[in-house]
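Participant: The residues making up each chain are set out below.
Number of protein chains: 2
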Amino acid sequence: MAREAIVDVEGESDFSLENLPYGVFRLRSDARAQIGVAIGAYVLKLAACAEGGLFDECHAEVFSAAAARRVFGQPTLNAFMELGRPAWTEARRAIQTALDKHGSGFALLREAFASGEANRFLCRAEDVVMLLPVHIGDYTDFYASLQHASNLGAMMRGPGNELMPNWRHLPVAYHGRASSIVVSGTDVRRPRGQLRPDEADEPVYAPSRLLDLELEVGVLIARDSKRGEPVPIGQARDYLFGLVLVNDWSARDVQKWEYQPLGPFNAKNFATTLSPWVVTLEALEPHRVAAPAQQPPVLSYLDEGEQRSTLDIALRVLLNDTVVSRTNFRYLYWTLEQMVVHHTSTGCNLRCGDLLASGTISGPEPSSYGSLIELCWRGTRDIVLDDGSTRKFLLDGDAVSLRGRAGARGRYVGFGRCDGRILPATEEGVAAAAAAAAAAGSKS
Amino acid sequence: MAREAIVDVEGESDFSLENLPYGVFRLRSDARAQIGVAIGAYVLKLAACAEGGLFDECHAEVFSAAAARRVFGQPTLNAFMELGRPAWTEARRAIQTALDKHGSGFALLREAFASGEANRFLCRAEDVVMLLPVHIGDYTDFYASLQHASNLGAMMRGPGNELMPNWRHLPVAYHGRASSIVVSGTDVRRPRGQLRPDEADEPVYAPSRLLDLELEVGVLIARDSKRGEPVPIGQARDYLFGLVLVNDWSARDVQKWEYQPLGPFNAKNFATTLSPWVVTLEALEPHRVAAPAQQPPVLSYLDEGEQRSTLDIALRVLLNDTVVSRTNFRYLYWTLEQMVVHHTSTGCNLRCGDLLASGTISGPEPSSYGSLIELCWRGTRDIVLDDGSTRKFLLDGDAVSLRGRAGARGRYVGFGRCDGRILPATEEGVAAAAAAAAAAGSKS
Numbered sequence: 001m002a003r004e005a006i007v008d009v010e011g012e013s014d015f016s017l018e019n020l021p022y023g024v025f026r027l028r029s030d031a032r033a034q035i036g037v038a039i040g041a042y043v044l045k046l047a048a049c050a051e052g053g054l055f056d057e058c059h060a061e062v063f064s065a066a067a068a069r070r071v072f073g074q075p076t077l078n079a080f081m082e083l084g085r086p087a088w089t090e091a092r093r094a095i096q097t098a099l100d101k102h103g104s105g106f107a108l109l110r111e112a113f114a115s116g117e118a119n120r121f122l123c124r125a126e127d128v129v130m131l132l133p134v135h136i137g138d139y140t141d142f143y144a145s146l147q148h149a150s151n152l153g154a155m156m157r158g159p160g161n162e163l164m165p166n167w168r169h170l171p172v173a174y175h176g177r178a179s180s181i182v183v184s185g186t187d188v189r190r191p192r193g194q195l196r197p198d199e200a201d202e203p204v205y206a207p208s209r210l211l212d213l214e215l216e217v218g219v220l221i222a223r224d225s226k227r228g229e230p231v232p233i234g235q236a237r238d239y240l241f242g243l244v245l246v247n248d249w250s251a252r253d254v255q256k257w258e259y260q261p262l263g264p265f266n267a268k269n270f271a272t273t274l275s276p277w278v279v280t281l282e283a284l285e286p287h288r289v290a291a292p293a294q295q296p297p298v299l300s301y302l303d304e305g306e307q308r309s310t311l312d313i314a315l316r317v318l319l320n321d322t323v324v325s326r327t328n329f330r331y332l333y334w335t336l337e338q339m340v341v342h343h344t345s346t347g348c349n350l351r352c353g354d355l356l357a358s359g360t361i362s363g364p365e366p367s368s369y370g371s372l373i374e375l376c377w378r379g380t381r382d383i384v385l386d387d388g389s390t391r392k393f394l395l396d397g398d399a400v401s402l403r404g405r406a407g408a409r410g411r412y413v414g415f416g417r418c419d420g421r422i423l424p425a426t427e428e429g430v431a432a433a434a435a436a437a438a439a440a441g442s443k444s
Numbered sequence: 001m002a003r004e005a006i007v008d009v010e011g012e013s014d015f016s017l018e019n020l021p022y023g024v025f026r027l028r029s030d031a032r033a034q035i036g037v038a039i040g041a042y043v044l045k046l047a048a049c050a051e052g053g054l055f056d057e058c059h060a061e062v063f064s065a066a067a068a069r070r071v072f073g074q075p076t077l078n079a080f081m082e083l084g085r086p087a088w089t090e091a092r093r094a095i096q097t098a099l100d101k102h103g104s105g106f107a108l109l110r111e112a113f114a115s116g117e118a119n120r121f122l123c124r125a126e127d128v129v130m131l132l133p134v135h136i137g138d139y140t141d142f143y144a145s146l147q148h149a150s151n152l153g154a155m156m157r158g159p160g161n162e163l164m165p166n167w168r169h170l171p172v173a174y175h176g177r178a179s180s181i182v183v184s185g186t187d188v189r190r191p192r193g194q195l196r197p198d199e200a201d202e203p204v205y206a207p208s209r210l211l212d213l214e215l216e217v218g219v220l221i222a223r224d225s226k227r228g229e230p231v232p233i234g235q236a237r238d239y240l241f242g243l244v245l246v247n248d249w250s251a252r253d254v255q256k257w258e259y260q261p262l263g264p265f266n267a268k269n270f271a272t273t274l275s276p277w278v279v280t281l282e283a284l285e286p287h288r289v290a291a292p293a294q295q296p297p298v299l300s301y302l303d304e305g306e307q308r309s310t311l312d313i314a315l316r317v318l319l320n321d322t323v324v325s326r327t328n329f330r331y332l333y334w335t336l337e338q339m340v341v342h343h344t345s346t347g348c349n350l351r352c353g354d355l356l357a358s359g360t361i362s363g364p365e366p367s368s369y370g371s372l373i374e375l376c377w378r379g380t381r382d383i384v385l386d387d388g389s390t391r392k393f394l395l396d397g398d399a400v401s402l403r404g405r406a407g408a409r410g411r412y413v414g415f416g417r418c419d420g421r422i423l424p425a426t427e428e429g430v431a432a433a434a435a436a437a438a439a440a441g442s443k444s
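Protein chains in written order, with full-length UniProt numbering: chain H, 1 to 444; chain F, 1 to 444.
Simulated from the structure, these hints should not be mistaken for laboratory data.
Do not take every clue at face value.
List of simulated lysine-lysine pairs, BS3-like, C-alpha gap at most 27 angstroms [as the list claims (entries may be wrong)]: (1) F:K392 <-> F:K256; (2) H:K392 <-> H:K256; (3) H:K226 <-> F:K256; (4) H:K256 <-> F:K392; (5) F:K226 <-> H:K256.
Isolated chain H, as found in the complex (with noise of 0.2 angstroms):
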């Protein structure tokens, strides 16, 4: 039976006892940026609780008192993700402890319940604007799904030559840009580019006619690699700390104009949005279930042998509140895991707060494809919206919303939302390009 919380959590909220995501939040009322921890419609404020001794009980040796104070005052998770997870295991039982109604941890918080001041501890959710959680320095995108690689190859390339011939040896990826990353509520404004369209002999600068998003899951980076030296696979999960929702927008016009022969580059990089809190690998552990056989047998480096497993997460998108796709996180044919080791195959070294995407989550089914493109299918189908309009590709002012989470009723260990509204392309791109004619003089 579910543990109750010493504030009352509805059934539905992502945020139960069990789950315990840690983000980066700011009052309304106040610009400096703190560590929480979400439960329920409530937000635990870290830096004053270790303050207060929330983690005084907890074992000197792996996290200390002193420690929590210094990596719970910071403005970004990166310290404490450092630590490594035997802290994080500490902190999460701590925490845990503390939260439990009927539990003893951290007398204080109590004492505040009782006499009404419990708002030194905990503020609610709503009277808080969500951050970053973390300096990314790097931002990696996969191309970890089957279905999806099959989807787009064979709208590319045709039936039965769907995937590229490295695709199952190897977690295909490019590097992203770390510059636009955004948190959920952020507006994303309708991207001009250059582009071909489909009638015409000459590229035009305009605004992309295709935007689409893209249904994602990242997990950020716990620790440094050392330069030259791949991770082994059996090291893979300790560089592991906890997920994030991810869209990453993409203008498939401009993509399908730019991307021969060093793959997307502006089609991506005007923005790319995370859910702000972070779920951490130690909540989802009870969700861990057997992953994608996969065949061809990979290269030894890449093998899990009896340790490959993934984790049941559900995944919808939701545009304009209309459920437009469901999905999992489990239909992944690259784990983590494996996209660690690869990533550092060939000596690349990993950061503390890099992001790892997986790519588009596509399920088998149409109906859990993970992208416009594939769910209205290059533009040959429609998508039926709630309101009884209809979608291929993004309109201004729609309202993107990603959503996951594991587990059920009364224990969920979800992300709460990723969302991003679309703003039209702006006049300043006319009076760029109008101002660009001037400079160049009288010829145009």
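With chain H held as given, fit chain F onto it using these hints.
Facilitator: Using the frame of chain H, we list chain F on its own:
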């Protein structure tokens, strides 16, 4: 006539009084990172100079003494770069006056010289260890040389089909890896990677046999741009602080197997080497020359009109002290300004410290190609070194040095060295594979 510096500067030195590049160093005896300026075989210590009053006579509204103490007291150039061109110009003027033998600036330095205490402000280059000059948020690599793109295209797709349809319409680029950027002098371990030998049906994980160099020039971005707001072509030059040499090491066999459809990843992310001294655009300004004409004309957002120009910088590649390539920055088809504009064209934001590299710079003659794969024409020709040995790709122990400079004897504006030596692939790679095989159980 060249001005004379307060210290002896050899005629062949890259670091004349006309240059004054910025870098970050530490004394061999001291772990602290400091900002310096190279002059001949010496390094001017800018934090000490700022404290000593070198910038006291600057226009305070443009570059105050307090600002100088703040930005030159940092361990990277980012804070100085963010101040913008008027401050850079003022700082350069003050430093040049102080170092001018017949000038009157910075009396304290002259007094220190007279009393034999110049080491308060100057140290010998041989007594310092150079560090990365900036904190690099994102690294982008372009593909801006027409000859290089044509050469690679001819090898991959055959003559007559060298260039992709997009190539003359936009500066093709991909996102690189920031974590593995290292400073000149750092050894580079030959990567193991997944590759499929030409004679094989199945891929292997093995040391790269086709390890290559790429001669590139990179620009460091001085300021943040706003997400969602493309930089107009007329403003692009304001984002350029200075240039460095870049060696974009490439494992061609890994690249060939992995790069479809998302571009190079592990083939390049194991190491990228930068020269340590940042040569400012201001120092290079006298060497501005016409850029190659672009045909067909570019779209208006990329059209530089009368402002279009580039820089005359002679470049060389040395392999074990043999010059194997002589080329020039001016051969690039796309300018740095066009790279900035196209990078931000969909709204991607640049940040101060970002590195934009040119891609391999190849000139029209075979002797001016900037990579070994071009110089050996995909393994069909030998590259002959001065010791009589031949190369196609890099061997263990090979030392690569990139050089570049503008100007003439006594007034060179040069980069110094961009060096790296190839270490053999480690036994650790073998050990990791063995560990993975062991972890995978008895089946292997």
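Participant: Each hint should be assessed against the structure and marked as holding or not.
Facilitator: Hint by hint, here is what the structure shows:
{"no.": "1", "hint": "F:K392 <-> F:K256", "result": "holds, 17 angstroms"}
{"no.": "2", "hint": "H:K392 <-> H:K256", "result": "holds, 17 angstroms"}
{"no.": "3", "hint": "H:K226 <-> F:K256", "result": "holds, 25 angstroms"}
{"no.": "4", "hint": "H:K256 <-> F:K392", "result": "violated, 35 angstroms"}
{"no.": "5", "hint": "F:K226 <-> H:K256", "result": "holds, 25 angstroms"}
In terms of the numbered hints stated before, the structure departs from hint 4 and from no other.
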